[in-house]
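Colleague: Order-wise, the sequence lines are chains H and D. Residues in the first sequence are numbered from 1204 upward in steps of one, following our numbering. Residues in the second sequence are numbered from 1204 upward in steps of one, following our numbering.
Just so you know, these hints were derived from the structure itself, not from any lab. A hint or two may mislead.
Any copy will do: because identical chains look the same in the list, a pair fits if it lies in one copy or spans two.
The list that follows gives simulated cross-link-like pairs (lysine-lysine, DSSO-like), each with its CA atoms no further than 30 Å apart [said to hold, decoys possible]: (1) 1222 <-> 1548; (2) 1423 <-> 1410; (3) 1548 <-> 1248; (4) 1548 <-> 1366; (5) 1366 <-> 1446; (6) 1410 <-> 1366; (7) 1222 <-> 1446; (8) 1548 <-> 1246; (9) 1410 <-> 1446; (10) 1385 <-> 1548; (11) 1222 <-> 1385.
Here is what each chain is made of, one letter per residue.
Number of protein chains: 2
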Amino acid sequence: MNDISSGKLRGIVKLADAKGRFKMMAIDQRGSMVQALADVLNKEKADVQYEDVAALKTLITRALAPNATAVLTDPIYGYPYSIAEIPRDVALLLAYEESGYVSEGVSENERLSNPIENWTIATAQRAGADAIKLLAYYHPDASEATLRHQQAFVQHVGDECEKHDLPFLLELVSYALEGTTKSVAFARQKPALVIRSVEEFTAPRYKVDILKLEFPADLKYTSDYQNRRFYAGDSAYTLAEVKDICQRLDAASTLPWVILSAGVDIEEFIENVHLATEAGASGFLCGRAIWKDAVQYYPDTDAVNRFLADEATTNFTNANAAAENARPWFDHRQFGGAENVQIAKQSATWYRDY
Amino acid sequence: MNDISSGKLRGIVKLADAKGRFKMMAIDQRGSMVQALADVLNKEKADVQYEDVAALKTLITRALAPNATAVLTDPIYGYPYSIAEIPRDVALLLAYEESGYVSEGVSENERLSNPIENWTIATAQRAGADAIKLLAYYHPDASEATLRHQQAFVQHVGDECEKHDLPFLLELVSYALEGTTKSVAFARQKPALVIRSVEEFTAPRYKVDILKLEFPADLKYTSDYQNRRFYAGDSAYTLAEVKDICQRLDAASTLPWVILSAGVDIEEFIENVHLATEAGASGFLCGRAIWKDAVQYYPDTDAVNRFLADEATTNFTNANAAAENARPWFDHRQFGGAENVQIAKQSATWYRDY
Chain H
1204 MNDISSGKLR
1214 GIVKLADAKG
1224 RFKMMAIDQR
1234 GSMVQALADV
1244 LNKEKADVQY
1254 EDVAALKTLI
1264 TRALAPNATA
1274 VLTDPIYGYP
1284 YSIAEIPRDV
1294 ALLLAYEESG
1304 YVSEGVSENE
1314 RLSNPIENWT
1324 IATAQRAGAD
1334 AIKLLAYYHP
1344 DASEATLRHQ
1354 QAFVQHVGDE
1364 CEKHDLPFLL
1374 ELVSYALEGT
1384 TKSVAFARQK
1394 PALVIRSVEE
1404 FTAPRYKVDI
1414 LKLEFPADLK
1424 YTSDYQNRRF
1434 YAGDSAYTLA
1444 EVKDICQRLD
1454 AASTLPWVIL
1464 SAGVDIEEFI
1474 ENVHLATEAG
1484 ASGFLCGRAI
1494 WKDAVQYYPD
1504 TDAVNRFLAD
1514 EATTNFTNAN
1524 AAAENARPWF
1534 DHRQFGGAEN
1544 VQIAKQSATW
1554 YRDY
Chain D
1204 MNDISSGKLR
1214 GIVKLADAKG
1224 RFKMMAIDQR
1234 GSMVQALADV
1244 LNKEKADVQY
1254 EDVAALKTLI
1264 TRALAPNATA
1274 VLTDPIYGYP
1284 YSIAEIPRDV
1294 ALLLAYEESG
1304 YVSEGVSENE
1314 RLSNPIENWT
1324 IATAQRAGAD
1334 AIKLLAYYHP
1344 DASEATLRHQ
1354 QAFVQHVGDE
1364 CEKHDLPFLL
1374 ELVSYALEGT
1384 TKSVAFARQK
1394 PALVIRSVEE
1404 FTAPRYKVDI
1414 LKLEFPADLK
1424 YTSDYQNRRF
1434 YAGDSAYTLA
1444 EVKDICQRLD
1454 AASTLPWVIL
1464 SAGVDIEEFI
1474 ENVHLATEAG
1484 ASGFLCGRAI
1494 WKDAVQYYPD
1504 TDAVNRFLAD
1514 EATTNFTNAN
1524 AAAENARPWF
1534 DHRQFGGAEN
1544 VQIAKQSATW
1554 YRDY
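Kindly produce the complete structure, drawing on both the sequences and the hints.
Modeller: Encoded structure:
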């Protein structure tokens, strides 16, 4: 039997569909959405208005949340103007980290994550969060100072989620210490970066419940996809090798994991979902791959809504279909089947001991 | 515009169906269920085993929760063995009060409600409660000491629910200061008892969000029901008078209200739901009227399950149908329509101000 505290259990049940598969939507983008709006409105990033970001998030949440088992939003632009748009049967994930990263006191290629000022996990729970999401940038070969900072940050959130008995969903995003992530050289490094990061943060001291992971290879550099639109013109691996990488990732992940979209086009993302779930992923938490093209129509809200109702909804439907064979979270070896999930402290004195 | 804090809003949205109607199930009975099990098992009440109460609650919750928009359970026998039986899209209400009442320091006809020892609203929220339910016995002509005790208890729970931003559902149950509630004399008193209690606890200082009320008349003593099985052989009012009483209750309730079943038979309860929702009730929170006959089959779990799958499910379906014309909570004059529900502190600094 595998014990799980009842608050975390209830939260995870709500995040997934009735069969235990995560089909979650992310609309917690801040820096990247402000930049996208700056581009479309021909403005400097600093001149983008709060109201425009909040309004665009409201439109996207209203149109797409009904397709999701859970919606991840942020407490700054998202929650206050979008909470009423999340249907009763769609769970609420709230982001904990400040958007982006800083490099203060470390090399400018390294990335430190930080909390949103004045925003706590207690507050998120009061606001109705069913789970907490933390994005941590991570490169296992960064300096000791950077590693320690990121590890301590994750551990803090793990402790707070345990205290409030909320599921902790940790998103790990790798980056290049040299050069760019958009290169065949980085594509070659990526499998090891993703898998080594998973090895670190599945350690029990971090108290993570679900990992939100990058696809552990870059299909733009996969030789078998040379006839696809997303192929970048150079190969780092074959499809068979990519499948093997996914298997190795699943072997490393002692926790249920879902795949993120990192803003790739929908065609590539659907392929990611197929390959990841084939290897054992329990679903996805996807944002821009589904809705990013809506931004270009802003501030024409009719055009935004048309895109969301048509193309974005089709994208979501296709992503959900691709996740139909995902491994239910309770069938991960961490739990070993629904019948083996056991509520911690289950007894006549639970109400006192909990 | 009518402000509501976002945690309470999110909770209320989850308690109701997509159209704002409450079709909620109660399985938080403790004293009455232990007594029912004692009767069927031919035991003293004190000899009924914890495990039997918990097991029966698990069976009922598993079979019937899928019909409900929300399930009300208790943290002693209910939650630890039933939480995994509540579907992801069915909200969770947790009871705060100790079962029953005491009369220490007041007349033995008067009733004082008390909390469950070592059980807090913070704990309920951590366990995933979407709302808190408090049952308070109330007779507006009780002694000053009793009135003050009950009022202070309700106010305490209102303050705690505000602090944790959880919806506060207050159940008011009247009782007889002399004689029995099963009498035409009490039936005549009941309309005033229910309405006067509503007038007390809708005062803003109690911070109640939803009232769970007794039907404000007793259909067993209603002349127009002389040909019904539940008719008790004496009349306190006509049906037209009962309808007027329901209207007066709705006029008194400055908050959305739902009807409780108090263990009446299903035929009478369905009539209650029809009349209450016609007058403006927003639905029901019903326990025994739907499932009470399951108890008699215990410990034959197959027979319990057959009854739950057949008759109890039919009861629930009929109750849901009777509530189809309930007034959506957001159409109560407290809110004035979904378009007028406004999130408190909605602004760019919500995450700091909340």
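Colleague: Provide an ascending list of the numbers of those earlier hints which the structure does not satisfy.
Modeller: Of the numbered hints given earlier, those the structure breaks are 2, 5, 10, 11, listed in rising order.
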